[in-house]
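Below are the chains, spelled out letter by letter.
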Amino acid sequence: MMALLQGMDVWLGQGLILGFIVANVALGITGFSILFERKFAGRMQSRPGPTEVGPLGLLQPIADVVKLMSKEDIIPRSADKALFNLAPPLTVLAAVATLAVVPFAPGVIVADLHIGILFALSISSLVVFPIWMAGWASNNKYALLGGMRQVAQGISYEIPLLLSAVVPIILADSFRVGDIVEKQLDGNWFAFWPIGPGALAFALFFLSSLAESNRIPFDIPEAESELVAGVTTEYTGMKFGLFYLAEYLHTLVISAIAAALFFGGWDGPGDNDGLLWMMLKTLALFASIFWIRWSYMRYRSDQLMAICWKFFLPLGLLLVMASATWVHLS
Amino acid sequence: MGHEHADAVDETQMVTVGGVAVPLTLTQTPWPDPHLDIEAYDPDADMMALNMGPQHPSTHGVLRVKLYLDGEVCVKAVPYLGYLHRGVEKLCEKLGYAQVTPIVDKNDYVSPMMNELAINMAIEKLIEAEVPRRAQYIRTICAEIQRVGSHLLWLGTFGLDMGGAIGGGGSIFMHTFREREMILDLFEELTGCRFHYNTHTPGGNRHDIPAGWNTKVQQVLGHIGQRLTEYEDFVRDNPVFRARTVGVGIVDPVLAMDLGISGPILRASGVDHDLRRDAPYMAYDEIDVQVPVQTAGDCMARYLVRVAEMRESIRIATHLLDGVPEGPICSLKPVKLPGAVKAKSGSAYCSIESPRGELGTYIVANTERRSHAQPYRCKIRPPSMHALQLLPYMCPGNNISDIIVALGSLDPIMGEVDR
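Chains as they are written, first to last, in the numbering used here: chain A, 1 to 330; chain B, 1 to 419.
Worth flagging that the hints you see were computed from the coordinates, not collected in a lab.
It is possible that some hints are incorrect.
[Unchecked claim] Sample of chain B residues with no beta-carbon within 10 angstroms of chain A, all distances over it, derived:
| id | residue |
| --- | --- |
| 1 | Glu39 |
| 2 | Tyr41 |
| 3 | Tyr68 |
| 4 | Glu72 |
| 5 | Leu95 |
| 6 | Lys106 |
| 7 | Pro334 |
| 8 | Val364 |
| 9 | Arg381 |
| 10 | Met385 |
[Unchecked claim] One side of the interface only, derived from the structure: several residues of chain B facing chain A at Cβ under 10 angstroms:
| id | residue |
| --- | --- |
| 11 | Asn51 |
| 12 | Gln55 |
| 13 | Gly71 |
| 14 | Val75 |
| 15 | Gly159 |
| 16 | Ala243 |
| 17 | Ile403 |
The model shown is predicted, which means the values in this text are computed figures rather than measured ones.
Heads up, the beta-carbon is just placed ideally off N, CA and C, and yes, glycines get one too.
Just chain A, with the same shape it has in the complex (with noise of 0.2 angstroms):
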């Protein structure tokens, strides 16, 4: 009994003070890559970006978080008050929660479920219920067109999502993000090892996490120059704010699972394992996000859906396959 209790307490001791780490660096990691972005989207643009605040604009991010602080809090009138106050927490806690089975380092996982994937995918979607809540509350015509563009492409990219991160658990033969890592280790990544299905899931999955993140080219709930905001029409101050959070948050975190799941997470060249490497392919996913979002432009919601229905799913199913009998022959 004693043991027991002991295992609970190392266990949750480890639980809680990893998990409040590891929470807290990726917020802050979040507001500094809001303004990364703002200098990377300077720079294609041909200006310079934040450079007013702090040396070389790099406190740009504490002044924003500080203005979205002291904005007026305006709820509309006919908004339903409970809905609309709750939506914006509740998508921050969806993308913080995904972070728990980040693998950073070897043993650096805040919990290393035996499911961890599917934990990750299951929660990330959660994210279309909080968008919902807020797009139907906030009594809006945009917001509430925003929010049903947001259901029907969170709900059908899953599944494209799912059958490409099902590739790696196969090759794995693991859940388990840490044994999915282990497998890669010594530069056998997935992502170029095996040669086509590999490099495929991954392709499959950067893109359909690029859906589900509301990134450009698919950031159609958003739709600026269409539903004004979408779902985020009605919101102002840190509510507003925290919908951003979220979305560059689920952006980071879906980069740290692609970097684990294709890119062997901590691995580097000879020894040089640890979290640096991790870090280092995270951003540079993260930062590829960025590029792609300011060269592109939007697609429309119906060729969106047909390149899901009918170019993503079937090249799932394939590489599902493919690996599988790549796993059964070998």
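Since the structure of chain A is provided, determine the placement of chain B on it from the hints.
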């Protein structure tokens, strides 16, 4: 002529309607009923009336379109104009002929040179004033540079409509605005103003070409010509751009002519019509204007026509720059008093090819009922207002995304629509 489309239909087959050759394929699509009775429409449909505008990021100012949506698909669209009405025509009647130029500058605020040119040509026709050849050249060169600037702005905002401010659309917007800035700098050097130039005056121009301006124009236009190639890589060859524009917002040339539409929209629908070539004014008789025509009639065709027009404008402007004759720039004495330009009773209509189409000005002078120095009636015919008449025909059957793209491809400027 014609760009590669996926379908195998021969797009170049022409048919003659009312003496004008138009592409056969475009005239065969039936139009939706713009006056659809919403009350009588399917009562089981989940209808939603959505007021898009006058405060909306993509209605190009203060256009308001009332959309009746079935799900997300539009069944009826009603545009409402007038949110930017400033009474410009009435103001022109109150001011003298010599004073209207800076007022009409604000009409089509994307190409102010064109407004000045249109109204001053009408006044000159009315008072029978000659424009010196040098002034004609300057006016033509300014008009062509202005056309490039106007189309650059259109390209940027079209990107915004399609990709949003935060995304690839924002990138193309920033780049086109960078180049447009160079054009504004050219005009600033010529006239002293970046935007509302007030450089045309009845009888000629106010500002002569400053020393070294010719070289700068050549450099800037050459630079923009190179940039246009970059934009084509960025925009035209972009699969998402193609997916959003090809086959979207098809305009029937016969309907378009019935609605009085002109300019790039009509040329993108296969009607070979351009006032610069068909009714030359100013120095256009000096040059053989090549009119780009596309036969697909969709948003992609309008994009291609506008980009080709930019190249053609660069060619015309650089060609004319070499041959600017010496001489005076204004045939009348410099205007010192508002009443200096006087007209006899009569009327005059003049139209020019603005970046958006036929920009006409009709001026009536009646010395019995008004002074010699004021027009009795001044009517401005803006091409954008006619283009907006297409909306009730284009929107039904499309979802909001396509409506925004179709609206953007019409290039409406609310300043001249509402006047």
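Query raised in the report: Of the numbered hints stated previously, which ones are contradicted by the structure, given in increasing order?
Result: Result: hints 4, 14 break, sorted rising.
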